[in-house]
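Start from the sequences, fold in the hints, and give me the full structure.
There are 2 protein chains.
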Amino acid sequence: MDKQRQFDRELDELKKKLIHMAALAETMIDKAISELVSRDESVADKVPVYEEELNRLQIEIDEAALTLLATRQPVATDLRFIVAATKINSELERIGDLVMNITENAHVLLQQPPLKPLIDIPRMADLARKMVRESLDSFVGEDPLLAQTVIMTDDQVDGLKEQVLRELLTYMMADPRSIERAIALIFISRHLERIADHATNIAEDVIYLTQGRDVRHPRTPKERPADLDV
Amino acid sequence: MDKQRQFDRELDELKKKLIHMAALAETMIDKAISELVSRDESVADKVPVYEEELNRLQIEIDEAALTLLATRQPVATDLRFIVAATKINSELERIGDLVMNITENAHVLLQQPPLKPLIDIPRMADLARKMVRESLDSFVGEDPLLAQTVIMTDDQVDGLKEQVLRELLTYMMADPRSIERAIALIFISRHLERIADHATNIAEDVIYLTQGRDVRHPRTPKERPADLDV
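Order-wise, the sequence lines are chains A and B.
The opening residue of the first sequence carries number 383 in our numbering; numbering runs sequentially from there.
The opening residue of the second sequence carries number 383 in our numbering; numbering runs sequentially from there.
Mixed in with the good hints there might be a few duds.
Same chains, same names: a pair is fine if it fits in one copy or spans any two.
Stated by the list, open to error - Calculated cross-link-like contacts (lysine to aspartate or glutamate; reagent style DMTMM-like; alpha-carbon spacing at most 25 Å):
#1 Lys-398 - Asp-479
#2 Lys-469 - Asp-384
#3 Lys-498 - Glu-524
#4 Lys-543 - Glu-486
#5 Lys-398 - Asp-508
#6 Lys-469 - Asp-536
#7 Lys-428 - Glu-486
#8 Lys-385 - Asp-479
#9 Lys-469 - Asp-519
#10 Lys-469 - Glu-524
#11 Lys-469 - Glu-408
#12 Lys-543 - Asp-479
#13 Lys-543 - Asp-508
For the record, the hints were derived by calculation from the structure and aren't laboratory data.
Bear in mind the structure is a predicted one, so any value in this text is a computation, not a measurement.
Pasting the structure below:
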């Protein structure tokens with residue numbers, strides 16, 4: 383096999399590992415929120431195992447990226463791709479940490495009767511999972527339009543987070559016995575919001591990667607679409 | 383100037399930019415918490431300006447790192463150093479975002495009479511600032527022992543965060559009128575905890591960088607010091 387084909391294969395391997403990390407992260411979010419909704423702790427049994435696997439993959443990707451940089455001395459797009467991989471793996475690993483936090487809060491909630499039917503939190507989780515998947519799809523497919531969709535979805539997640547907070551404040555005001563559970567739910571909504579933020583970071587890296595322009599710090603959210611000309 | 387000296391100078395430039403980012407982050411934390419304690423919004427006037435500067439520096443460091451990787455094709459320690467720089471700049475930039483969140487919560491708090499004298503939150507902020515400074519010092523001085531100190535300080539911050547939560551739960555239970563302010567203070571303590579987490583991430587990168595070993599995912603917190611043989 384010639385050098386170029388070998389290099390392409392190594393890049394492909396890196397891509398596959400990132401996709402695997404994203405799939406694990408997605409599954410973890412799903413299991414943690416299903417545990418909460420079904421009130422059955424066994425649903426999230428595997429979450430710590432997946433989290434360990436995310437940690438391991440993060441290190442593998444860093445090592446593979448460093449080896450590629452040292453041995454292949456890539457330039458231009460390949461270089462940017464590899465450096466992006468070492469940022470994206472950290473984002474995915476932190477999503478794993480956040481899901482672990484969600485299961486801790488869920489543990490507190492499952493010791494007590496349900497406070498209220500959960501609607502907005504599962505909705506936030508669905509959006510966050512979609513954002514994780516699409517951010518990785520946009521990376522693999524080098525698709526800045528899809529990355530832009532991810533960034534825009536983040537506003538919906540933020541909106542839901544505010545809604546969750548407002549609603550739970552009302553519960554707390556009305557009945558002090560609801561406070562501990564309300565706080566746990568507020569924390570869960572914040573963890574989901576941060577998961578969405580990590581997916582947004584990935585999407586911004588993709589736009590940077592594919593367009594060679596930095597959209598990571600637009601002055602106002604409104605400016606984003608125009609800035610991108612997409 | 384020969385090529386090696388030119389390269390050393392470029393690496394030095396990268397280091398200086400990271401130190402500058404850390405100094406800005408430290409100042410931002412200080413100003414945001416001083417605003418809260420003094421109840422004087424003008425104290426934090428400059429925070430958004432510093433945040434913009436952090437954003438700008440993050441991009442500059444990424445660009446400089448990519449240029450160095452493409453033109454100098456570094457290996458071994460230099461390569462790891464440059465890749466670490468592209469991770470550390472993201473950590474510092476996110477600290478800036480978190481300080482912005484703190485000022486938003488502070489804004490809510492300053493519209494209402496003080497809920498209680500603030501003791502643990504300023505203490506958390508002092509620890510977080512120290513961690514940011516020392517994590518960067520450990521990077522610049524390639525000092526894994528100092529990095530280890532940063533990682534251990536994180537436990538203190540987590541302890542204070544739990545203490546803040548427990549105390550504020552008591553306030554909320556006793557008086558529903560305290561709930562909104564208590565929630566804002568809980569959020570501020572969480573933002574500070576996350577700032578400490580970012581400093582911990584930097585410290586872990588430093589240990590990885592200096593020892594070529596990955597301590598980023600010890601199985602249990604207890605294993606950390608023994609793992610490192612420091």
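> Where does the structure disagree with the numbered hints, that is, which hint numbers, in rising order?
Replying inline: Failing hints, ascending: 2, 3 and 8.
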